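There are 4 protein chains.
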Amino acid sequence: MQNFIDPAMKYFGSEITERDRAIFEAGISLGALFHQFVGMPLKKDKKFIENTQKIISESISTQPFIKSVEVKIDFDKLESHQNIYDYSTLTGKILEVKLIAKYGKTLVYSGIKFIEELNYPLMYIEKIEDSTI
Amino acid sequence: MQNFIDPAMKYFGSEITERDRAIFEAGISLGALFHQFVGMPLKKDKKFIENTQKIISESISTQPFIKSVEVKIDFDKLESHQNIYDYSTLTGKILEVKLIAKYGKTLVYSGIKFIEELNYPLMYIEKIEDSTI
Amino acid sequence: MQNFIDPAMKYFGSEITERDRAIFEAGISLGALFHQFVGMPLKKDKKFIENTQKIISESISTQPFIKSVEVKIDFDKLESHQNIYDYSTLTGKILEVKLIAKYGKTLVYSGIKFIEELNYPLMYIEKIEDSTI
Amino acid sequence: MQNFIDPAMKYFGSEITERDRAIFEAGISLGALFHQFVGMPLKKDKKFIENTQKIISESISTQPFIKSVEVKIDFDKLESHQNIYDYSTLTGKILEVKLIAKYGKTLVYSGIKFIEELNYPLMYIEKIEDSTI
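As given, the protein sequences belong to chains A, X, D and L, one line each in that order. All residue numbers for the first sequence refer to my numbering, where the first residue is 2 and numbers rise by one. All residue numbers for the second sequence refer to my numbering, where the first residue is 2 and numbers rise by one. All residue numbers for the third sequence refer to my numbering, where the first residue is 2 and numbers rise by one. All residue numbers for the fourth sequence refer to my numbering, where the first residue is 2 and numbers rise by one.
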């Protein structure tokens with residue numbers, strides 16, 4: 002089914018497909034990203050925000066079967082500071098993520114995006130592809 | 002495809018199935034649980050550990066499409082304190098989780114378990130069921 | 002200066018007093034509490050909120066030199082759910098903490114409280130006492 | 002007592018000194034740093050580790066009254082990967098921090114360092130200075 006050795010495969014039910022695994026790994030990494038980095042203090046500085054996006058992306062890319070992670074923090078929505086205490090933190094309202102998981106030949110394009118209508122930082126799957134086609 | 006209204010369905014690709022969604026939601030919640038609660042200071046007290054298991058379970062059960070969460074912290078592996086600084090924290094080595102996600106009619110039985118062989122707190126899918134059968 | 006052995010005392014500058022230590026430990030534990038538990042999913046259920054307050058309190062009480070921790074989550078401010086995605090999480094806006102640190106004979110009464118005027122979950126020291134008086 | 006306006010001063014007991022405040026803020030930021038960033042996935046790459054150190058430092062420097070933060074992740078102790086699952090995460094064992102807090106004229110030199118003897122990532126105060134001397 003795949004051309005690499007996954008040492009954990011035996012811990013998964015035998016009916017679990019490549020597609021299932023790619024989706025599962027995408028979900029895990031989105032949940033991990035969110036709960037690891039939300040709450041992080043931020044400053045309204047273009048260079049700092051760019052570097053933070055890059056570090057979060059590279060950190061989550063180390064997780065198994067994650068092919069790429071793109072992170073965007075909405076600079077314009079970072080609050081300007083009224084006083085010394087009023088710094089910003091990373092929240093679901095200003096975070097946008099695109100994450101591609103790959104297991105075997107299956108690619109899952111997923112992401113996080115704040116949906117006003119739901120008042121919720123939704124984790125979603127945009128599409129699923131067979132990379133051999 | 003399902004007998005409830007999912008207000009987020011339109012944000013998912015049209016080829017995404019109930020099975021895909023149930024797996025995705027299981028992954029998200031396992032990743033969230035791990036990165037939210039690992040690092041939490043623990044004391045070696047049976048009642049406290051029982052209550053902590055219950056709270057983590059109930060907290061994660063509030064997430065969308067999570068049917069049940071069972072959390073087990075390995076009491077015997079909690080280090081005994083050598084000095085005032087040497088308290089325990091929740092780590093992947095002492096945490097075991099069983100989580101059932103349900104989307105439409107599909108049930109995903111998933112979990113977290115530390116695998117010595119991999120030196121890793123593995124998130125896995127045990128089985129996937131159609132609840133109507 | 003004190004009637005217990007603190008195995009870490011040698012790592013502190015010789016001019017550091019009991020009062021300094023008690024304040025430092027209070028600060029550490031308030032910072033830890035906030036960044037460990039903020040982001041935790043909550044449900045609007047009296048019993049669950051009571052148990053969550055108790056677990057956070059007991060967890061942080063295991064840290065060195067923490068005498069007591071009282072946690073209050075503002076039940077009335079927990080948002081009611083508009084849809085399946087719209088669950089609440091613990092934020093600085095609904096969290097109130099009172100924490101007493103004790104080092105040697107010095108007691109530090111500190112806390113966390115959201116201050117509207119500052120738009121900030123302020124960590125503060127209410128008073129410092131010599132417990133022998 | 003100081004030549005800036007601290008809008009939160011009225012929330013602190015009147016007996017709280019500049020020294021007390023500087024120590025308290027150091028403690029808060031060390032506790033916050035630890036519980037925010039521990040658990041973060043890391044890869045064994047010099048450039049990535051350097052950038053991660055810088056981002057953590059800049060993030061925590063945004064907190065009130067923090068003058069400087071130096072972060073060192075022990076590159077040599079980062080585990081080399083045995084398999085695809087065996088990535089590293091930030092732990093108290095590989096993290097070293099030096100943080101200077103300044104309130105009014107008082108400077109507090111503090112830090113985090115893993116102490117083998119205590120089996121503990123100790124938060125300590127090295128020295129306290131009056132910056133006007």
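Among the hints, a few may not be true.
What the hints assert, rightly or not - Below, a list of computed lysine-lysine pairs in the BS3-like style, where the Cα atoms sit at most 30 Å apart:
no.: 1; chain 1: A; residue 1: 48; chain 2: A; residue 2: 99
no.: 2; chain 1: D; residue 1: 94; chain 2: D; residue 2: 106
no.: 3; chain 1: D; residue 1: 44; chain 2: D; residue 2: 114
no.: 4; chain 1: X; residue 1: 114; chain 2: L; residue 2: 78
no.: 5; chain 1: X; residue 1: 114; chain 2: D; residue 2: 55
no.: 6; chain 1: L; residue 1: 78; chain 2: D; residue 2: 128
no.: 7; chain 1: L; residue 1: 94; chain 2: D; residue 2: 103
no.: 8; chain 1: D; residue 1: 103; chain 2: L; residue 2: 99
no.: 9; chain 1: A; residue 1: 47; chain 2: A; residue 2: 11
no.: 10; chain 1: A; residue 1: 106; chain 2: A; residue 2: 44
no.: 11; chain 1: L; residue 1: 44; chain 2: L; residue 2: 11
no.: 12; chain 1: X; residue 1: 114; chain 2: L; residue 2: 45
no.: 13; chain 1: D; residue 1: 11; chain 2: L; residue 2: 106
no.: 14; chain 1: L; residue 1: 128; chain 2: X; residue 2: 78
no.: 15; chain 1: D; residue 1: 114; chain 2: D; residue 2: 47
no.: 16; chain 1: L; residue 1: 94; chain 2: L; residue 2: 11
no.: 17; chain 1: X; residue 1: 73; chain 2: D; residue 2: 128
no.: 18; chain 1: X; residue 1: 78; chain 2: X; residue 2: 128
no.: 19; chain 1: D; residue 1: 45; chain 2: D; residue 2: 11
no.: 20; chain 1: X; residue 1: 103; chain 2: A; residue 2: 94
no.: 21; chain 1: D; residue 1: 128; chain 2: X; residue 2: 47
no.: 22; chain 1: A; residue 1: 106; chain 2: L; residue 2: 68
no.: 23; chain 1: X; residue 1: 78; chain 2: X; residue 2: 99
no.: 24; chain 1: X; residue 1: 45; chain 2: D; residue 2: 11
no.: 25; chain 1: D; residue 1: 68; chain 2: X; residue 2: 68
no.: 26; chain 1: X; residue 1: 114; chain 2: X; residue 2: 44
no.: 27; chain 1: L; residue 1: 94; chain 2: L; residue 2: 55
no.: 28; chain 1: D; residue 1: 68; chain 2: D; residue 2: 55
no.: 29; chain 1: X; residue 1: 106; chain 2: X; residue 2: 78
no.: 30; chain 1: L; residue 1: 48; chain 2: L; residue 2: 78
no.: 31; chain 1: X; residue 1: 45; chain 2: X; residue 2: 94
no.: 32; chain 1: D; residue 1: 68; chain 2: X; residue 2: 94
no.: 33; chain 1: X; residue 1: 106; chain 2: A; residue 2: 99
no.: 34; chain 1: D; residue 1: 11; chain 2: L; residue 2: 78
no.: 35; chain 1: D; residue 1: 44; chain 2: X; residue 2: 55
no.: 36; chain 1: L; residue 1: 78; chain 2: A; residue 2: 45
Simulated from the structure, these hints should not be mistaken for lab results. Owing to the predicted nature of the structure, the values given are computational and were not obtained by experimental measurement.
Each hint tested on the structure:
1. Proximity of residue 48(A) to residue 99(A) is assessed by CA-CA distance (about 21 Å); at most 30 Å being required, the pair is judged to hold.
2. For a cut-off of 30 Å, the pair hint linking residue 94(D) to residue 106(D) is broken: about 33 Å separates their Cα positions.
3. Between the alpha carbons of residue 44(D) and residue 114(D) the distance comes to roughly 21 Å, so the proposed pair stays at or under 30 Å and holds.
4. A threshold of 30 Å between alpha carbons decides the hint, and for residue 114(X) with residue 78(L) the separation of about 25 Å falls inside it, so the pair holds.
5. Distance restraint check for residue 114(X) and residue 55(D): the Cα-Cα separation of roughly 27 Å lies within the 30 Å cut-off, and the hinted pair is therefore satisfied.
6. About 42 Å separates the Cα atoms of residue 78(L) and residue 128(D), which puts this hinted pair outside 30 Å; it is violated.
7. Among the hinted pairs, residue 94(L) with residue 103(D) is consistent with the structure: their alpha-carbon atoms are about 27 Å apart, no more than 30 Å.
8. Using a Cα cut-off of 30 Å, the hinted pair residue 103(D) and residue 99(L) holds, with the two alpha carbons roughly 25 Å apart.
9. Under the criterion of a C-alpha separation no larger than 30 Å, the hint pairing residue 47(A) with residue 11(A) is inconsistent with the structure, at around 46 Å.
10. Of the pairs offered as hints, the one joining residue 106(A) and residue 44(A) is violated, with about 40 Å between alpha carbons and a cut-off of 30 Å exceeded.
11. Proposed proximity of residue 44(L) and residue 11(L) is contradicted: the alpha carbons are some 45 Å apart, above 30 Å.
12. Annotation: proposed proximity of residue 114(X) to residue 45(L) holds, straight-line Cα distance about 25 Å (limit 30 Å).
13. The suggested pairing of residue 11(D) with residue 106(L) holds, with an alpha-carbon distance near 26 Å, which does not exceed 30 Å.
14. Using a Cα cut-off of 30 Å, the hinted pair residue 128(L) and residue 78(X) is violated, with the two alpha carbons roughly 37 Å apart.
15. Our distance criterion of 30 Å between C-alpha atoms is met by residue 114(D) and residue 47(D), whose separation comes to about 21 Å.
16. Restraint check: the Cα-Cα separation between residue 94(L) and residue 11(L) comes to about 39 Å, which exceeds 30 Å; the hinted pair is violated.
17. Between residue 73(X) and residue 128(D), the direct Cα distance comes to roughly 40 Å. Violation of the 30 Å bound is thereby established for this hinted pair.
18. With a C-alpha separation of about 28 Å, the suggested pair residue 78(X) and residue 128(X) falls inside the 30 Å cut-off, and the hint holds.
19. At most 30 Å may separate the alpha-carbon atoms for a hinted pair to count; residue 45(D) and residue 11(D) exceed this at roughly 47 Å.
20. For the hint pairing residue 103(X) with residue 94(A), the CA-to-CA distance comes to about 27 Å; that is within 30 Å, so the pair holds.
21. Straight-line distance between C-alpha atoms of residue 128(D) and residue 47(X) comes to about 34 Å, which puts the hinted pair past the 30 Å bound.
22. The straight-line distance between the Cα atoms of residue 106(A) and residue 68(L) is roughly 50 Å, outside the 30 Å bound, and the hint therefore fails.
23. Taken as a hint, the residue 78(X) and residue 99(X) pair is honoured in the structure, with Cα atoms around 19 Å apart against an allowance of 30 Å.
24. Distance restraint check for residue 45(X) and residue 11(D): the Cα-Cα separation of roughly 28 Å lies within the 30 Å cut-off, and the hinted pair is therefore satisfied.
25. Simply put, residue 68(D) and residue 68(X) have alpha-carbon atoms about 38 Å apart, too far for the 30 Å limit, and the pair is violated.
26. Between residue 114(X) and residue 44(X), the direct Cα distance comes to roughly 21 Å. Compliance with the 30 Å bound is thereby established for this hinted pair.
27. A distance of roughly 19 Å separates the Cα atoms of residue 94(L) and residue 55(L); the hinted pair therefore holds under the 30 Å criterion.
28. Between the alpha carbons of residue 68(D) and residue 55(D) the distance comes to roughly 15 Å, so the proposed pair stays at or under 30 Å and holds.
29. Straight-line distance between C-alpha atoms of residue 106(X) and residue 78(X) comes to about 38 Å, which puts the hinted pair past the 30 Å bound.
30. With a C-alpha separation of about 16 Å, the suggested pair residue 48(L) and residue 78(L) falls inside the 30 Å cut-off, and the hint holds.
31. In summary, the hint linking residue 45(X) to residue 94(X) is supported, as the alpha carbons are separated by about 15 Å, within the 30 Å threshold.
32. Among the hinted pairs, residue 68(D) with residue 94(X) is consistent with the structure: their alpha-carbon atoms are about 29 Å apart, no more than 30 Å.
33. Among the hinted pairs, residue 106(X) with residue 99(A) is consistent with the structure: their alpha-carbon atoms are about 28 Å apart, no more than 30 Å.
34. The hinted pair formed by residue 11(D) and residue 78(L) meets the criterion: a straight-line CA distance of about 25 Å does not exceed 30 Å.
35. Between residue 44(D) and residue 55(X) the CA atoms are separated by roughly 13 Å; this keeps the pair inside 30 Å, and the hint holds.
36. Between the alpha carbons of residue 78(L) and residue 45(A) the distance comes to roughly 33 Å, so the proposed pair goes past 30 Å and is violated.
Hint compliance for this structure: hints 2, 6, 9, 10, 11, 14, 16, 17, 19, 21, 22, 25, 29 and 36 are not met, and every other hint is.
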